[in-house]
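Student: These are the residues of each chain, in order.
There are 2 protein chains.
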Amino acid sequence: MAALKRFLIGRPLKSTELGEQKLTKKKALAILSSDALSSVAYGPEQILLVLITVSTAAFWYSIPIGIGVLILLLALILSYRQIIFAYPHGGGAYVVSKQNLGVYAGLIAGGSLLVDYILTVAVSVSAGTDAITSAFPALHEHTVGIAITFVLLITLLNLRGVTESASILAYPVYLFVAAMLILIGAGLFSIVTGKVTPDLHTPIGTPVAGIGLFLLLRAFASGSSALTGVEAISNAIPNFKDPAPSNAAKTLMAMGGLLALLFSGIVYLAYYFGITPNAEATVVSQIAEHTFGRHLIYYIIQGTTALILILAANTGYSAFPLLAVNLAKDKFIPRMFTMRGDRLGYSNGIIILGLLSIVLIIAFQGQTEHLIPLYAVGVFIPFTLSQTGMMVKWIREKPAGWVPKLIINTTGAVISFTVSIMFFLTKFAQVWTILIFLPLIVYLFHRIKKHYEAVSEQLRLSTCEQAVPIEGNVIILPVSGITHVVEQSLNYAQSLSANQIIAVYIPFERDDEVRFEEKWNKWRPDVRLVTLHSPYRSIIHPLSKFIHTVQRKASESNYQVTVIIPQFIPKKSWHNLLHNQSSIMIRAYLLFRKDVIITTVPYHLKK
Amino acid sequence: MAALKRFLIGRPLKSTELGEQKLTKKKALAILSSDALSSVAYGPEQILLVLITVSTAAFWYSIPIGIGVLILLLALILSYRQIIFAYPHGGGAYVVSKQNLGVYAGLIAGGSLLVDYILTVAVSVSAGTDAITSAFPALHEHTVGIAITFVLLITLLNLRGVTESASILAYPVYLFVAAMLILIGAGLFSIVTGKVTPDLHTPIGTPVAGIGLFLLLRAFASGSSALTGVEAISNAIPNFKDPAPSNAAKTLMAMGGLLALLFSGIVYLAYYFGITPNAEATVVSQIAEHTFGRHLIYYIIQGTTALILILAANTGYSAFPLLAVNLAKDKFIPRMFTMRGDRLGYSNGIIILGLLSIVLIIAFQGQTEHLIPLYAVGVFIPFTLSQTGMMVKWIREKPAGWVPKLIINTTGAVISFTVSIMFFLTKFAQVWTILIFLPLIVYLFHRIKKHYEAVSEQLRLSTCEQAVPIEGNVIILPVSGITHVVEQSLNYAQSLSANQIIAVYIPFERDDEVRFEEKWNKWRPDVRLVTLHSPYRSIIHPLSKFIHTVQRKASESNYQVTVIIPQFIPKKSWHNLLHNQSSIMIRAYLLFRKDVIITTVPYHLKK
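Sequences listed follow chains A and B, in order. Taken in order, the first sequence gives residues 2 to 608; the numbers are from the working numbering. Taken in order, the second sequence gives residues 2 to 608; the numbers are from the working numbering.
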């Protein structure tokens with residue numbers, strides 16, 4: 002087991018090696034932007050899918066809508082840049098909302114993002130698997146298995162540590178960016194050189210019957226799904242090499258620039274080539290076919306697109322554990338999320354994220370497409386909250402040059418809020434569940450926090466409250482016969498200089514009772530023996546009643562009651578079946594039901 | 002939980018109420034003979050199914066073959082009667098073989114029967130379910146579910162206690178016997194009154210081409226499957242009211258008489274009416290239709306037949322636990338089979354039998370027909386062994402009038418052996434597995450016995466070997482902070498007047514180490530604190546290494562090492578998720594890997 006673990010995730014790292022596990026800007030860009038960049042593969046298509054409900058003549062609206070998305074992107078990037086500098090320890094939307102809008106706003110943002118990262122993993126791995134099974138239909142029946150394998154691989158990579166996963170995952174991400182840039186470059190070149198007839202599209206400004214504001218907003222909201230993942234960097238600042246905030250900010254700007262370039266390129270080419278979305282081929286693949294034909298480069302573009310969709314999951318793996326640490330430090334989720342694993346990653350967060358996304362993939366049998374709107378709305382709620390939080394911050398603190406900052410965040414907040422509302426108005430059937438589970442999650446956070454607070458209150462050593470003094474000890478030793486084990490336990494009890502030792506024997510038959518008492522008095526007449534006849538053949542009940550009686554008496558003189566339970570430790574694990582192990586059951590019962598100290602004297606069987 | 006258990010299986014009974022749980026002859030006949038009697042429903046059919054492979058003209062051979070089966074039945078009944086008186090404490094084939102032929106013969110007989118009772122339950126419940134789903138085809142897809150429900154019901158009835166199950170199950174058994182007797186009576190009446198034309202069958206003695214000795218022996222072996230279950234009474238003697246052996250013997254004779262009557266009646270009517278077995282209707286149902294037409298009484302016969310097939314399983318429930326007790330007393334199977342449950346039945350045996358037969362039903366998807374030969378051979382092996390054992394007994398002991406007894410057992414042994422061999426020769430494909438698993442089971446029995454013997458050897462208090470004396474105590478207390486829990490554990494450790502108390506703190510960071518040492522020295526400078534810096538963030542490894550060092554030193558002066566582990570006991574079980582419970586892991590690790598005494602100081606959280 003240990004050797005397998007070493008092989009899979011590598012040797013353990015010392016806590017002092019943490020510095021070497023930090024990310025350079027290049028690696029960080031690769032693993033934190035894969036989610037955002039991958040949405041270029043479906044974002045533009047989402048806009049066209051809404052417009053086509055009117056007519057293909059409406060496609061020219063994708064240009065102004067695309068510009069709208071770019072403005073939103075600009076607002077978000079600038080705004081998250083401000084968040085990075087204002088909250089250099091990370092935490093993003095959760096921390097910003099909590100500090101400026103109050104704890105509940107923070108929990109809504111945090112809970113929403115936690116769930117969203119799980120959806121990110123499930124949705125993007127499923128989408129990538131779909132791309133693969135479309136190419137090789139024979140694999141279709143293994144969709145779920147393939148998707149789960151990918152999740153396990155990414156989980157394993159992340160358990161090896163963030164730099165190691167970044168080193169491996171950087172290649173496909175940069176390959177995708179390169180492939181997209183070549184595609185856009187070649188496409189534009191063919192337009193400029195006039196190789197493409199300009200009559201494939203209706204000119205911008207053509208009047209189209211049936212277009213209304215609602216439809217345009219819906220198309221805009223759909224296109225905005227390309228912006229999911231923009232917030233990831235702000236959550237993952239602690240993973241950056243020093244100076245972390247400035248490195249994170251530069252990475253964010255680079256990601257924003259790349260995303261804007263790829264997004265506008267694809268939107269423009271799709272418009273110019275008059276691409277109509279259909280079930281057989283994605284918009285990107287149609288542009289690629291249009292530009293290059295079905296040649297090698299077409300397949301490279303298809304392949305890197307599938308790969309980046311799967312790797313988009315990795316963004317979730319970078320951001321989820323760090324967000325969880327922030328929530329766990331504030332005691333809203335279990336403490337285990339703050340523990341670093343052998344390779345210094347927050348392995349509990351990584352493993353839980355992997356497990357929950359596998360559950361989602363199985364539950365939806367790999368068909369997670371209709372989770373996309375839920376996933377998008379789950380991002381825009383924290384977007385809105387964090388921008389609003391920043392607005393409040395500027396208004397409250399009024400630092401030098403706060404007005405332009407306020408304007409940026411206000412723009413971001415208004416657009417994000419509009420997009421969120423649009424999702425509810427236009428895709429209510431797919432997003433209503435968030436109205437149920439988000440309050441549930443916040444309630445759970447609240448309950449957990451309350452429990453932790455109650456515990457630490459109980460544990461605190463206050464100088465005024467005195468611990469109950471222990472004046473002496475009473476030891477109870479249940480015995481099942483006169484054997485080596487009993488002898489050893491008895492010797493131990495006597496070595497503890499307790500005030501009283503009581504051996505307890507529980508016979509099922511009256512004859513047995515008398516016989517045992519005689520034997521005992523011959524063997525150890527110095528130790529008091531109590532027999533508890535149990536006509537119903539239960540051991541736990543009479544023992545528990547007896548302990549209760551002893552305890553009541555003992556507590557009068559501040560005596561502590563200890564129960565000594567001998568336990569067999571067989572040499573081979575299958576031998577456990579051959580022993581009744583009533584000692585384990587008795588121990589568990591007494592520990593949870595009674596307030597007694599329990600001492601286990603192990604007896605290691607040698608054969 | 003407890004209330005549900007009370008509702009399902011009734012109030013617990015005192016050990017002294019055991020007498021009231023004993024069976025009268027009438028009840029014993031009902032529950033112990035259901036297996037044997039139910040075989041009337043398929044035994045005669047088995048003979049015809051072999052003969053039909055030659056021609057329907059060969060059907061007259063069923064009469065001499067039937068007589069052969071009756072002779073075998075007579076030999077078995079007389080022989081088991083002798084076993085009952087010779088071994089009045091029950092145990093049947095296992096005890097007889099063990100005592101006269103040696104322990105391995107006993108284990109083969111016992112193992113064979115144990116497996117056989119599991120097969121009995123699975124096969125008979127499946128057969129009964131088949132009868133029901135044939136009548137109501139809509140239920141067909143639920144076969145497995147229905148069969149499992151019946152197994153659960155019978156298990157529950159048996160957990161309530163043997164008399165209670167007998168009271169309920171007696172009705173259908175006697176109803177079946179009555180229905181069969183009416184059927185046979187009415188059939189004979191119609192023959193005698195000449196209502197049936199005598200030309201439906203070939204006369205006895207008609208020469209038939211292609212009949213050989215091998216085929217006749219095969220038909221005989223198949224017909225002998227009607228005799229499975231004959232041994233059950235000899236295993237279950239302890240369940241009878243006093244005088245148990247004579248009551249058991251009388252019950253056995255009654256069962257033999259009834260079985261002979263029903264078997265010969267069905268064989269004769271089948272022959273006289275010229276019944277040809279077919280897939281649509283069983284032989285019994287054809288006889289019933291022939292005699293009464295498809296009237297009410299026909300359906301009553303069909304219904305009681307289905308019922309008795311299911312209740313045949315109950316014989317397994319009576320015999321399996323008692324056989325298991327015998328094997329467990331000899332330490333060949335886990336001791337838990339000797340424990341009486343709340344209702345004084347051997348509930349572990351009952352539950353295991355139920356579980357294993359459910360596993361078989363699921364594994365074979367309710368299609369257990371081809372397990373029948375396996376099941377029959379699994380009965381005839383112990384038949385042969387027990388008869389041979391009795392032969393050896395008579396020859397060895399030569400009591401008054403031993404010669405006729407020897408003749409009876411010799412006849413039984415020879416016929417049983419022939420039948421066993423016939424099964425191997427004619428149905429090898431279905432019974433070869435017994436040659437694999439029977440040796441495996443015997444080997445397992447042997448290993449279990451060896452383990453128990455090794456354990457009791459280690460536990461025995463021999464006067465020569467002295468227990469290691471304990472001269473003093475060293476207490477190790479792992480601490481995770483300065484809290485109420487630590488204070489309480491420390492006070493307890495000090496109350497035990499140990500020779501040395503060492504608090505152990507395991508920091509992951511150097512800063513933390515220094516800080517904690519300062520805090521500790523201010524709080525409890527009198528208690529020695531050891532800090533073990535753990536750069537790899539493991540708690541168990543440094544602690545385990547430290548304990549090892551302390552232990553080595555302590556053993557030099559015969560000091561005992563105790564580790565005190567504080568443990569949170571949350572008020573609500575879901576709170577367990579919120580605590581790392583490293584204490585449970587540490588305890589388990591130390592208990593199984595190290596030879597230290599572990600004391601758990603519970604800290605019951607109040608909120």
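Accuracy of the hints is not assured; some may be wrong.
Identical copies look the same in the list; a pair holds intra-copy or inter-copy alike.
Derived DSBU-like pairs (lysine-lysine); straight-line CA-CA distance at most 35 Å [as the list claims (entries may be wrong)]:
| id | residue 1 | residue 2 |
| --- | --- | --- |
| 1 | K546 | K15 |
| 2 | K520 | K595 |
| 3 | K523 | K399 |
| 4 | K196 | K399 |
| 5 | K520 | K451 |
| 6 | K15 | K450 |
| 7 | K607 | K242 |
| 8 | K573 | K26 |
| 9 | K595 | K607 |
| 10 | K607 | K196 |
| 11 | K15 | K554 |
| 12 | K26 | K399 |
| 13 | K6 | K546 |
By construction, these hints were calculated from the structure, which means they are not laboratory data.
Student: List, from low to high, the hint numbers that the structure doesn't satisfy.
Tutor: Checked against the structure, the hints that fail are numbers 3, 4, 7, 8 and 10, while the rest are satisfied.
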